[in-house]
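Engineer: Sequence:
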Amino acid sequence: MNIKNFINKISYIFHLLILSKIFKKPYHVHFQLTRRCNFRCLSCCVWKNEADLTSELKLEEIKILAENLRKIGVKSVALTGGEPLLRKDLFEIINIFKKNNFIVRLQTNGCLINEDFIKKIFSIGLDDIYVSLDSLKPDIFTKINGLENENIFYKVVENIKKTSVIAKKYGVGVFLTTVLQPINIEEVENLNKFAQENNCLIGFYGLEMGDETDKNNIRSCDSQLLPDEKQKKSLKETFVKIKQLKKEKKSPIFNSNKLLDDFINYYSSSNLNMRWNCNAGDYYLEVFANGLLGVCNATPEISGFDYKNIKDLYKNKEKEKIFKKYRKKCNGCICTRQLEYLVNDFSDIINKSLQYINKFIISI
Numbered sequence: 012m013n014i015k016n017f018i019n020k021i022s023y024i025f026h027l028l029i030l031s032k033i034f035k036k037p038y039h040v041h042f043q044l045t046r047r048c049n050f051r052c053l054s055c056c057v058w059k060n061e062a063d064l065t066s067e068l069k070l071e072e073i074k075i076l077a078e079n080l081r082k083i084g085v086k087s088v089a090l091t092g093g094e095p096l097l098r099k100d101l102f103e104i105i106n107i108f109k110k111n112n113f114i115v116r117l118q119t120n121g122c123l124i125n126e127d128f129i130k131k132i133f134s135i136g137l138d139d140i141y142v143s144l145d146s147l148k149p150d151i152f153t154k155i156n157g158l159e160n161e162n163i164f165y166k167v168v169e170n171i172k173k174t175s176v177i178a179k180k181y182g183v184g185v186f187l188t189t190v191l192q193p194i195n196i197e198e199v200e201n202l203n204k205f206a207q208e209n210n211c212l213i214g215f216y217g218l219e220m221g222d223e224t225d226k227n228n229i230r231s232c233d234s235q236l237l238p239d240e241k242q243k244k245s246l247k248e249t250f251v252k253i254k255q256l257k258k259e260k261k262s263p264i265f266n267s268n269k270l271l272d273d274f275i276n277y278y279s280s281s282n283l284n285m286r287w288n289c290n291a292g293d294y295y296l297e298v299f300a301n302g303l304l305g306v307c308n309a310t311p312e313i314s315g316f317d318y319k320n321i322k323d324l325y326k327n328k329e330k331e332k333i334f335k336k337y338r339k340k341c342n343g344c345i346c347t348r349q350l351e352y353l354v355n356d357f358s359d360i361i362n363k364s365l366q367y368i369n370k371f372i373i374s375i
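In terms of this note's numbering, the sequence shown opens at residue 12 and continues consecutively.
Think of the hints as simulated: they come from the structure by calculation, not from any bench. Take every hint as true, because none was put in to throw you off.
Calculated cross-link-like contacts (lysine-lysine; reagent style DSSO-like; alpha-carbon spacing at most 27 Å): (1) LYS261 x LYS180; (2) LYS173 x LYS260; (3) LYS254 x LYS269; (4) LYS241 x LYS257; (5) LYS339 x LYS319; (6) LYS82 x LYS330; (7) LYS326 x LYS35; (8) LYS180 x LYS260; (9) LYS340 x LYS36; (10) LYS35 x LYS340; (11) LYS340 x LYS328; (12) LYS180 x LYS130; (13) LYS110 x LYS179; (14) LYS336 x LYS326; (15) LYS241 x LYS148; (16) LYS110 x LYS99; (17) LYS172 x LYS258; (18) LYS363 x LYS257; (19) LYS258 x LYS363; (20) LYS204 x LYS173; (21) LYS244 x LYS154; (22) LYS243 x LYS257; (23) LYS35 x LYS336; (24) LYS166 x LYS131; (25) LYS335 x LYS35; (26) LYS172 x LYS260; (27) LYS173 x LYS148; (28) LYS247 x LYS260; (29) LYS328 x LYS36; (30) LYS180 x LYS99; (31) LYS74 x LYS326; (32) LYS204 x LYS363; (33) LYS36 x LYS330; (34) LYS247 x LYS258; (35) LYS204 x LYS247.
Label-pair distances were calculated between CB atoms; the ranges are: (36) ASN320 x SER245: 45 to 51 Å; (37) GLU159 x LYS35: 43 to 49 Å; (38) LEU70 x LYS36: 23 to 29 Å; (39) LEU147 x LYS319: 42 to 48 Å; (40) LYS335 x LYS59: 27 to 33 Å.
Even for Gly, the Cβ is constructed at its ideal location relative to N, Cα and C.
Work the whole structure out from these sequences, hints included.
Structural biologist: Put into structure tokens, the structure is as follows:
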């Protein structure tokens with residue numbers, strides 16, 4: 012167990028409990044390392060927008076980004092994409108953020124990881140790894156991820172198993188994320204069991220639609236994926252079932268009850284209403300692959316600001332007006348990062364912290 016990482020996580024919890032109530036600054040940043048991806052997932056449209064390799068931030072630029080994020084009080088950075096493992100300099104990027112004392116999380120589809128890779132990123136201090144897993148059936152996995160070769164399914168599952176074994180030695184958190192659609196809702200119990208057996212935590216989420224006119228939007232824009240009334244009822248019942256599974260002893264389900272309730276209400280509404288009290292920009296910030304900023308990954312770039320002048324954005328007396336302007340450009344969502352829930356729900360912070368400690372630290 013990396014003692015420094017453990018202290019950072021305790022500090023992070025303290026920040027959520029106390030400091031976030033006093034200072035309205037982002038404590039978590041979502042950094043898209045690349046828009047490139049080797050999957051063609053139905054629930055995502057990143058791959059539909061041609062990736063511009065030349066615009067991706069270089070290491071020297073990422074150093075500036077990390078320093079500026081630290082200066083405004085950011086505690087946690089999620090490295091994502093696209094598929095972040097397509098960046099050949101990923102180890103160096105993780106190292107940059109660890110040297111700036113961040114909690115660093117990696118989000119991946121799990122296809123490109125291997126044993127040597129996992130050992131190396133854990134040894135340089137990666138705190139948590141999130142792997143997408145939408146099905147335990149090869150044919151459904153292949154369809155959801157827009158693939159042609161079912162062998163990739165077996166590779167991803169084996170990679171998850173290897174990762175969880177190695178992670179236990181380092182005290183690293185392993186999380187699975189599942190986007191529920193009519194095609195995979197019957198698999199909830201099996202996915203829950205798989206997570207439990209492999210010492211992972213798992214989060215279940217609903218499919219949310221994005222704005223096809225926004226080139227930065229990462230959510231699916233395919234209206235054919237919207238559930239009909241019968242499917243909405245099934246999805247609602249599935250999230251009710253997930254709430255019941257969460258009550259079981261040593262449940263691996265990481266969703267808060269509030270988030271699960273929101274998904275139940277979401278699928279109960281006549282028009283799939285996703286509007287809620289969003290404070291994107293206050294507690295969370297998006298950094299796009301080109302270094303420009305967004306209040307979240309479902310909104311356009313904030314005009315006039317990028318990785319070099321983040322401090323100016325948060326010193327700006329008009330920042331709240333700026334944030335509200337860009338929030339309005341979003342069709343609405345249920346915040347899957349649960350940032351608002353964490354900051355505003357004391358019990359959720361405590362429950363998640365205890366679950367994390369019991370799963371990944373005490374078990375070492």
